[in-house]
Amino acid sequence: MPLEKNILQNLIKDAFPDADIKIVDLAGDNDHWSVEVESEAFEGQTRIKQHKMVYEALQGKMGGELHAMQLKTKVKN
Amino acid sequence: MSDNPVFKAIQEEIDNNNVVLFMKGNAKFPQCGFSALVVSVLQKLDVNFKDINVLLDPELREGIKQFSDWPTIPQLYVNGEFIGGCDIVKEMYEEGELQELLKAEA
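For the protein sequence lines, the chains are A and B, in the order given. If you read the first sequence in our numbering, its first letter stands for residue 68, the second for the next number, and so on. If you read the second sequence in our numbering, its first letter stands for residue 139, the second for the next number, and so on.
Rather than coming from a laboratory, the hints here were simulated on the basis of the structure. Do not take every clue at face value.
Said to hold, decoys possible - Simulated pairs of lysine to any residue, SDA-like, Cα-Cα distance not exceeding 20 Å: (1) 228/B - 80/A; (2) 143/A - 230/B; (3) 203/B - 114/A; (4) 141/A - 96/A; (5) 141/A - 122/A; (6) 141/A - 144/B; (7) 141/A - 228/B; (8) 141/A - 200/B; (9) 116/A - 78/A; (10) 203/B - 142/A; (11) 162/B - 98/A; (12) 203/B - 144/B; (13) 146/B - 238/B; (14) 139/A - 143/B; (15) 182/B - 209/B; (16) 139/A - 228/B; (17) 182/B - 144/B; (18) 116/A - 209/B; (19) 128/A - 101/A; (20) 228/B - 126/A; (21) 228/B - 99/A; (22) 188/B - 233/B; (23) 128/A - 107/A; (24) 228/B - 93/A; (25) 228/B - 238/B; (26) 162/B - 141/A; (27) 128/A - 207/B; (28) 119/A - 200/B; (29) 141/A - 230/B; (30) 141/A - 191/B; (31) 116/A - 228/B; (32) 139/A - 175/B; (33) 228/B - 112/A; (34) 72/A - 98/A; (35) 139/A - 234/B; (36) 143/A - 200/B.
Stated by the list, open to error - Among chain B residues calculated to face chain A with C-beta under 7 Å, some are: (37) 209; (38) 222; (39) 225; (40) 226.
The beta carbon of each residue, even a glycine, is placed where N, CA and C say it ideally should be.
Build out the structure end to end from the sequences listed, making use of the hints.
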């Protein structure tokens with residue numbers, strides 16, 4: 068099921084207010100995203116933890132409404 | 139951990155095999171781009187791994203997500219430890235971390 072880009076963006080922005088967020092719709096169908104999140108919140112966390120933090124921000128949509136999402140997280144300096 | 143028999147089966151697989159990839163399709167015929175990518179990374183590194191096709195078993199497909207507390211497939215396990223999905227594996231490969239990890243655990 069597709070998800071609107073601004074909804075996706077706002078969910079992440081709410082969870083990571085300081086973040087630089089880059090979202091690309093890879094297939095033009097609102098269903099295959101490339102997401103990059105750069106936030107200080109990721110400092111000291113393993114990659115798995117960082118990705119889980121983003122999944123949590125998406126409030127369970129990942130794996131359901133969100134079908135395919137490439138995720139890249141970075142610590143903001 | 140609950141007594142879910144699927145959890146037991148998963149635990150056995152990751153205990154008995156050094157590198158395990160829970161994926162969609164199998165290594166010869168992946169059925170998803172993300173799964174295929176992890177397979178190609180492992181093949182490039184010439185790693186012996188066990189591929190497990192979650193599409194064959196809906197309970198496994200759900201169970202592995204609960205087991206790992208991770209919402210998507212593919213999922214890579216090395217030495218019984220969850221390493222990550224496609225994005226993490228790809229990043230670790232590009233930064234040389236995956237190679238280090240596999241060498242250490244071999």
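Cross-check of the supplied hints:
At most 20 Å may separate the alpha-carbon atoms for a hinted pair to count; residue 228/B and residue 80/A exceed this at roughly 25 Å. Restraint check for residue 143/A and residue 230/B: satisfied, since their Cα atoms lie roughly 19 Å apart, inside the 20 Å limit. The hinted pair formed by residue 203/B and residue 114/A meets the criterion: a straight-line CA distance of about 17 Å does not exceed 20 Å. For the hint pairing residue 141/A with residue 96/A, the CA-to-CA distance comes to about 26 Å; that exceeds 20 Å, so the pair is violated.
For the hint linking residue 141/A to residue 122/A, the alpha-carbon distance of about 15 Å falls within 20 Å, and the restraint holds. Simply put, residue 141/A and residue 144/B have alpha-carbon atoms about 34 Å apart, too far for the 20 Å limit, and the pair is violated. For the proposed pair residue 141/A and residue 228/B, the alpha carbon gap of about 15 Å is at most 20 Å, so the pair holds. Simply put, residue 141/A and residue 200/B have alpha-carbon atoms about 29 Å apart, too far for the 20 Å limit, and the pair is violated.
Using a Cα cut-off of 20 Å, the hinted pair residue 116/A and residue 78/A holds, with the two alpha carbons roughly 18 Å apart. Proposed proximity of residue 203/B and residue 142/A is contradicted: the alpha carbons are some 26 Å apart, above 20 Å. For the given pair, residue 162/B sits about 18 Å from residue 98/A by alpha-carbon distance, which is consistent with the 20 Å threshold. With a C-alpha separation of about 11 Å, the suggested pairing of residue 203/B with residue 144/B holds against the 20 Å cut-off.
For a cut-off of 20 Å, the pair hint linking residue 146/B to residue 238/B is broken: about 29 Å separates their Cα positions. Among the hinted pairs, residue 139/A with residue 143/B is inconsistent with the structure: their alpha-carbon atoms are about 34 Å apart, more than 20 Å. With a C-alpha separation of about 26 Å, the suggested pairing of residue 182/B with residue 209/B is violated against the 20 Å cut-off. Under the criterion of a C-alpha separation no larger than 20 Å, the hint pairing residue 139/A with residue 228/B is consistent with the structure, at around 10 Å.
Our distance criterion of 20 Å between C-alpha atoms is broken by residue 182/B and residue 144/B, whose separation comes to about 31 Å. At roughly 13 Å between alpha-carbon atoms, residue 116/A and residue 209/B fall within 20 Å of each other, so this suggested pair holds. Of the supplied pair hints, the one linking residue 128/A and residue 101/A holds, its CA atoms being roughly 15 Å apart against a limit of 20 Å. Annotation: proposed proximity of residue 228/B to residue 126/A is violated, straight-line Cα distance about 25 Å (limit 20 Å).
With a C-alpha separation of about 18 Å, the suggested pair residue 228/B and residue 99/A falls inside the 20 Å cut-off, and the hint holds. For the suggested pair residue 188/B and residue 233/B, the alpha carbons sit about 24 Å apart, so the restraint of at most 20 Å is broken. Under the criterion of a C-alpha separation no larger than 20 Å, the hint pairing residue 128/A with residue 107/A is inconsistent with the structure, at around 23 Å. The suggested pairing of residue 228/B with residue 93/A holds, with an alpha-carbon distance near 18 Å, which does not exceed 20 Å.
At roughly 14 Å between alpha-carbon atoms, residue 228/B and residue 238/B fall within 20 Å of each other, so this suggested pair holds. Distance restraint check for residue 162/B and residue 141/A: the Cα-Cα separation of roughly 28 Å exceeds the 20 Å cut-off, and the hinted pair is therefore not satisfied. At most 20 Å may separate the alpha-carbon atoms for a hinted pair to count; residue 128/A and residue 207/B meet this at roughly 14 Å. Proximity of residue 119/A to residue 200/B is assessed by CA-CA distance (about 17 Å); at most 20 Å being required, the pair is judged to hold.
Among the hinted pairs, residue 141/A with residue 230/B is consistent with the structure: their alpha-carbon atoms are about 13 Å apart, no more than 20 Å. Taken as a hint, the residue 141/A and residue 191/B pair is broken in the structure, with Cα atoms around 31 Å apart against an allowance of 20 Å. Proximity of residue 116/A to residue 228/B is assessed by CA-CA distance (about 16 Å); at most 20 Å being required, the pair is judged to hold. For the suggested pair residue 139/A and residue 175/B, the alpha carbons sit about 16 Å apart, so the restraint of at most 20 Å is met.
Our distance criterion of 20 Å between C-alpha atoms is met by residue 228/B and residue 112/A, whose separation comes to about 18 Å. Taking the CA atoms of residue 72/A and residue 98/A, the gap is about 9 Å. The hint holds against a cut of 20 Å. For the hint linking residue 139/A to residue 234/B, the alpha-carbon distance of about 17 Å falls within 20 Å, and the restraint holds. The straight-line distance between the Cα atoms of residue 143/A and residue 200/B is roughly 34 Å, outside the 20 Å bound, and the hint therefore fails.
Annotation: residue 209/B was flagged as interfacial toward chain A, and the flag holds, the nearest CB pair being 3 Å apart, inside 7 Å. Hint on residue 222/B holds. Least Cβ distance to chain A is approximately 5 Å, under the 7 Å limit. The restraint placing residue 225/B at the interface with chain A holds, with a minimum CB-CB distance near 5 Å, inside the 7 Å limit. Because the beta carbon of residue 226/B sits about 5 Å from the nearest beta carbon in chain A, less than 7 Å, this interface hint is met.
In summary, the numbered hints that this structure violates are 1, 4, 6, 8, 10, 13, 14, 15, 17, 20, 22, 23, 26, 30, 36.
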